[in-house]
Amino acid sequence: MNKTLVTAGLLFLSLISLPAQAGKTLDSIRQRGEVICGVNEALVGFSVADAKGEWHGIDVDVCRAIAAATLGDARKVRWVPLNKMQLFPALQSGEVDILSHNVTWTMTRDAAMGMHFTSIVFYDGQGFMVARKSGIQSLRDLENTDICVQSGTTTEKNLSDYFRARKMKFRSVVFANFEASIKAFLSGRCQSYTTDATSLLSLIQRASRTPGDYVVLPELISKEPLSPAVRRGDDEWFAIVKWVINALITAEEEGITQANVEQQKVHGSASAQRLLGHQEDTGKLIGLDREWAARAIAAVGNYGEVFDRNLGAGSPLNLPRGLNRLWRDGGLLYAPPIR
Amino acid sequence: MSAPSSRRPSAAPFSWRNLCYQGALLALLGGLLFYIAGNVQSNLQAKGIASGFDFLLQPAGFAIGEGVFPYTAGDAYWQAFLLGIENTLRVSGLAILASMLIGSLLGLGRLSNNLLVRGVCTAYVEIFRNIPLLLQLLACYALLTALLPGIDEAWQFGHIYLSKSGLALPVPQWLDGHWQIDYPQRHRFAIAGGARLTPEFLALFLGLSLYTSAYLAEVIRAGLESVGKGQREAAAALGLSHAQTVRRVILPQALRVIIPPATNQFSSLIKSSSLAITVGYPDLVSIANTSLNQSGRAIECITLILLTYLLLSLLLSGLMGMFNRRAQRWAS
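In order, the protein sequence lines correspond to chains A and B.
Read left to right, the first sequence gives residues 1 to 339 (my numbering).
Read left to right, the second sequence gives residues 340 to 671 (my numbering).
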C-alpha cells in the first residue's frame, strides 16, 4: 500500500515538473545534423516522392535551401509527409522544425494556432475543375450541383461563402484527402471538384490518364497565399526561414543562378556581392555564416529556377508564372532588400 | 444478502479504513485530472494557441452536404456538431435495424435443414465477417458510384430520380402556410429540390448493415443452439404447437444469451460509423475534423467526439440492459 502511494506521488511530482519549453530550434538542428521538414504526402509540383524515394517540389526545395544555409548540405533534411489532420499538431508539438506544406496563410492560423507564417512562396486561388464534356462553362452553372472537396482546408469555407453570397444552392461531398475526393470526382459523383487551382492541375496529372478531358473554370474565388510556417517562440529560427526564402527571390532579381553563383560572388553587382557574402557578412545577422545565401542558391537555384523546375516550363504541369512573377514583371513577388 | 438467487457477489463488510483509502484515491485521481487540465491550458497559452469551448458559439462558415435538421453555413459550430450527431445517429440507427433483420434471417438460415439455404448463409457470414469493414465500405461506395448513371442520364420513375447524385424523392414541405410537395426537378447540370438519399449514406448504411449482420447471425445462431434439444422435446410432449414452442420456450431462453453480445455488436457499429469520412458521409467525426482545422481547437473537438461516443455507448448499453431485464422477466 505504502509503496503504491510512493509510486503515485513520484508520478505526480514528475508531471508537475514537466518542461513545456523546447530548446532553440537552430541549436537542436545543428546537434542532430538535419532539418525536419513537414511536407504534403503527394502533390506534384509541391512535394512528391519519386520511385527512388527522392522528394521533389517547390515546398521541398525550400527545405533543401534551408538545410544548405544552416547545415551546409542540402541533403540533410528528414522528410515527414503529413496529411491535413496531422500538419498543425505536428508543428505545434515540435515533431517538425518547419511546415513546408502548401498551407494557406490565414489570420486564424497565424494568430491563434501557435505558429508564424514566414514568407509567401506561392500565390494561388481556389478554382473548380469540371469534365470538359459536361458543358459547364462558369460557376453559375454549378447551382444545385454536387461539389467534391476534401476536409480540413480553407476550401470548404471559401466555397460556402461564395455560394451563400450569390444565394446559390449546392451540396458538398467531403472526403478526408485529395485522393478520395478526386476519385469521387473522376467517377462522376460530383459535377466539379474544388481546391487551389494549381493543386487541381497537379492532382489531375496523377489521377487521370487523360488529364486533357478536364478543365479548370476561369473564375478563382479566393486568395490562397501559400507559405511555410514555424513554431512560435523562436524568433531566430523564424528569421532564418524568412530570409532564406527572400534570398531565393532576391537572387532572381539579381540574375544569380545555380550555375553562376560563384562568378556572381566576385563579379556581380554590389547587392549581389552583399547577398553572397563577398562584401558583407549578412549571415551573422541571423546566426549563420557569411556563405548562407550562396549555399542555398547553389543548392536549388533562384526562385525562378525552382518554379520552372517544379511547376513551370520544365515540369509536366507547365504552369504560367502568373501572380508568381517578380514585382517588376507584373507579379507579386517582392522580397525586402537584403542589406 | 446471502439469498441463493442473488447473482451479484456480496459486498465486503463496511470498514472506515477502506473508505479512507478509496476517498484518498478518488481525491488523487481528481487532483491529477485537474492538474493535467491546468497544465495543458497553461502550455497552450505559452505556445500562443487559443483554447476553450467559446468557439462553439461562433459561425461555422462551412456547408454540410446532408442532414435532417435545417442548417446553413452561417449557423454556429454547435449546430454543425448537432447535425453531425444527427447524421451519425441516423445512419447507425437504421443500420442497427437492418442488421437485426438480416442477422436474424441469416441466423435462422444457418440452422435450416435445407442444405442450399444453410450453405448460402454460411458463405455470407464467412465472407462478410472476414473482410475488413473499411474495404467493404470503399467497395460499396465504388460500386454505387460506378453503377449509377450520371446526372445527365438519370433514371426517372415518375417524380423520382436515381443517379450518381443519389435517390431524389418528392417530399412534403410546409411553405407559405400550407403543405406542398417539393418535387425534384431536372436542370441542365443538376437535379434540384426534393429529399435526397446520397450514395455516401447508402454506402455507409449498406456496409455497416452487411458487416454487422454477419456477426449478429452468429450471435443469434449461438443463442438458439444454446437451448437444449430436451426443451423442444418437452414442449412437444406437452402438446405445444411449433409457434408456441418458439415463443414460450425457445426465445425467452435464447434472448438471454443473445442480448449481451448483440449489445456489443451494436455499440461497435455506432463506433465504426466514424469511418464515414472515407466515403464522404458527413458524420460527427467528419464535421469535427473540419471544425478542428478551421478553429484550431484540436483538444476541444477531440474531447467532444470522445464524449459523444461515450454517451451514445452508455445510452445503448443502458437501453439494452433494460430490454434484457424485461426479456428475463418474460421468461420467468
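Everything labelled a hint here was simulated from the structure, so no lab data went into it.
We put the CB at the ideal spot given by N, CA and C, even for glycine.
Among the hints, a few may not be true.
Stated by the list, open to error - With beta-carbon atoms standing in for the labels, derived distance ranges: (1) A:T210 / B:L486: 21 to 29 Å; (2) B:W417 / A:D308: 45 to 53 Å; (3) B:L536 / A:P89: 31 to 39 Å; (4) B:L372 / A:P316: 50 to 58 Å; (5) A:R206 / B:R525: 29 to 37 Å; (6) A:E54 / B:I375: 37 to 45 Å.
Tested hints:
Between T210 (chain A) and L486 (chain B) the beta carbon distance is about 22 Å. The supplied range of 21 to 29 Å therefore holds. With their beta carbons about 48 Å apart, W417 (chain B) and D308 (chain A) fall inside the hinted range of 45 to 53 Å. Between L536 (chain B) and P89 (chain A) the Cβ separation comes to about 36 Å, which falls inside the hinted range of 31 to 39 Å. A hinted range of 50 to 58 Å holds for the C-beta pair L372 (chain B) and P316 (chain A), which are about 54 Å apart.
Separated by about 34 Å at the C-beta atoms, R206 (chain A) and R525 (chain B) satisfy the suggested range of 29 to 37 Å. Between E54 (chain A) and I375 (chain B) the Cβ separation comes to about 43 Å, which falls inside the hinted range of 37 to 45 Å.
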